[in-house]
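Line order of the protein sequences matches chains A and B. Residue numbering for the first sequence follows the numbering used here, beginning at 1 and increasing consecutively. Residue numbering for the second sequence follows the numbering used here, beginning at 1001 and increasing consecutively.
The hints are simulated quantities; they were obtained by calculation from the structure and are not laboratory data. None of the values given here were measured: they were computed from a predicted structure. Treat the hints loosely; a few may be bogus.
So the derived label-pair ranges between C-beta atoms look like this [claimed, not checked]:
#, chain 1, residue 1, chain 2, residue 2, range
1, A, 17, B, 1072, 25 to 35 Å
2, B, 1199, A, 198, 20 to 30 Å
3, B, 1044, A, 198, 49 to 59 Å
4, B, 1308, A, 127, 27 to 37 Å
5, A, 229, B, 1044, 38 to 48 Å
6, B, 1054, A, 6, 53 to 63 Å
7, A, 229, B, 1085, 48 to 58 Å
8, B, 1054, A, 125, 27 to 37 Å
9, B, 1170, A, 42, 25 to 35 Å
10, A, 14, B, 1173, 44 to 54 Å
11, A, 6, B, 1205, 39 to 49 Å
12, A, 76, B, 1199, 42 to 52 Å
13, A, 13, B, 1044, 44 to 54 Å
14, B, 1143, A, 14, 11 to 21 Å
All residues carry an ideal CB built from backbone N, CA and C; glycine is no exception.
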Amino acid sequence: MLKYVLRRLAYSLILVVLASVFIFALTRARGDPRYMYLEDAYITQERWDAWGREMGLDKPIVVQYLIWASKAARGNFGESQVNRRDAWGLVGERLPATLQLSGVAYVLVVLVSVPLGVMAAVKRGTVVDLIGRTFALLGQATPTFWLGLMMILLFAVYLGWFPTSGRGGLASYVLPGITLASGSIAASLRLIRTSMLEVLDSEYIKFARAKGVSSNLVIWKHALRNSLLVPLTYFGLLFAAFMTGTVVVETIFAWPGVGRLAIEAVFNNDFPVVSAVVIFFVLVYAVTSLMVDLLYAVADPRIRYG
Amino acid sequence: MRLRIRVYDMAKSSIEAGQLETSSLMVTRQRSLINRTLHVGRRWPVLPIVVLAVVIVAAIFAPLLTPHDPTIGNLRDRFTPPMWQEGGTSRYPLGTDENGRDILTRVIHGGRITLIVATTVLLSGLILGTTLGLTAGYIGGQVDELIMRIVDFTLAFPFILVAVAVVVVFGASVPLIIILLVIFGWGGFARQARAMTLSLKTADYVAISRIAGASTPRILFRHILPGIMNTMMVLASLAVGGVILAEATLSFLGVGVPRPNPAWGLMVSSGRDYIRDAWWLVVMPGVAIFAVVFSINFLGDWLRDRFDPRLRQL
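Here chain A stands alone, though its shape is the one from the complex:
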């Protein structure tokens, strides 16, 4: 088990280091990195030179990377080109909005896909199953950003049920939440259906039925519990996937989160903020996938002793 944990830990670490090397390479990709962090058009020669020494521009590239990385590790990605605020601080400031949105979408996915997935498996080949399949087929061909806009058009502009954009009362969470969840509902529904079908076919379920356990109890307790093992990984990684999904959804709904911060930064050519956001998302992915894998190893002894 310890060996497995260490290996898995090393893998996550490499991922983060690679991401940092990538960002560092980008800072050097267009020549002198100072131009990317320049806040003012005017700078004295002395400051310019001092700045170069601080970044280690006279030293080998490896040393430059280490200087950059040690700053980044302390959350210092430079200041926003727009308002001179600390880039990492901006990410932290926007984080709650993103977390709330992801949370809403997450709950939606679970609430919709688990019962429907189970129903689709139990009533295989009936109308319930067919509806699920049709939705999945249509959803797969609809771009998320377009779906969001169509919902704005229908529910906000024509019907006026929800606000078109922004973050406010409870109603403002509905459309962004559904949009963010939409891409994952079909996939998780299908996963649950597949693994549920597998479990329903097993000996112990037949035995439970044979000894007279009620049908509902068999389905929702005996079968569901064991069929959640594979989807569990998916649900774990879903969280990380949502974090990047918010880039699109937050742009559509003018949601003041981290994803929108990234897109605003693109338009302002604000590299410090972009670099902070990228590293942040890689960290989120690395940590969630690490936790998922470790939890999975705890839940499934076959992996632990592999």
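Starting from the known structure of chain A, arrange chain B on it as the hints suggest.
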């Protein structure tokens, strides 16, 4: 290590499979309603083929088909509604946008961009992924380990954000988006090619040609490649829809195809600001994306069932 990879693969592939598998839902014994409508003939998916043919032909002959320019509009005619609405004219069948540009013209020209990006990305991704997958599977050992770890990393990176970072530094351009899509797209092909190579390399005919003194490249490309080509082609056709959606999403976010090109995602993006008064700006290009991706997915499923039903388990 191997088991760890398997867990990771399972998680990964379950996310990918979520998309892949949902596409297999047309493959029911009892034919669904959609299935029957789309399969007008006995076997051929007629509707999707017609949609794609129209888009491809229109994209190739775009300049001959419409009298308008895709990027220069007539400001006097801006926000003309589609012809079937009040105030619409047959000069602009689908209406005009905020610069008075004909939307039908832009959608047709946008098809060009979509097709160029999708074909280039798929061909390069397919070649790169198959070659590296073959190599990894056949040679094995350290090489295998290295290539597959690279695949893991490309799939673990938040693709959209990497695109965002690269675009901030280099600016948006069509070649850039193609390169990005290839870098993040070859991994899936490599995994499949590797897996199939692993099972093929123990086949008798491969062993015999090795004994006969065939070189490694010869075995890879003359003996193993033909055996996996079918599946790879099917896999590529299943991936087209995803590539088109990815391009559209990046363009929508402003980090894909640059303005004033008539890329579909870009058109939706600039139409957003006028959604209250001019719905057609957003709806038309979106319908184009949906129709094309739906048709291609459908066709991909059909190809898979026809040529490689095993992939259904993917």
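> Hint by hint, which ones does the structure fall short of?
Replying inline: 1, 3 and 10
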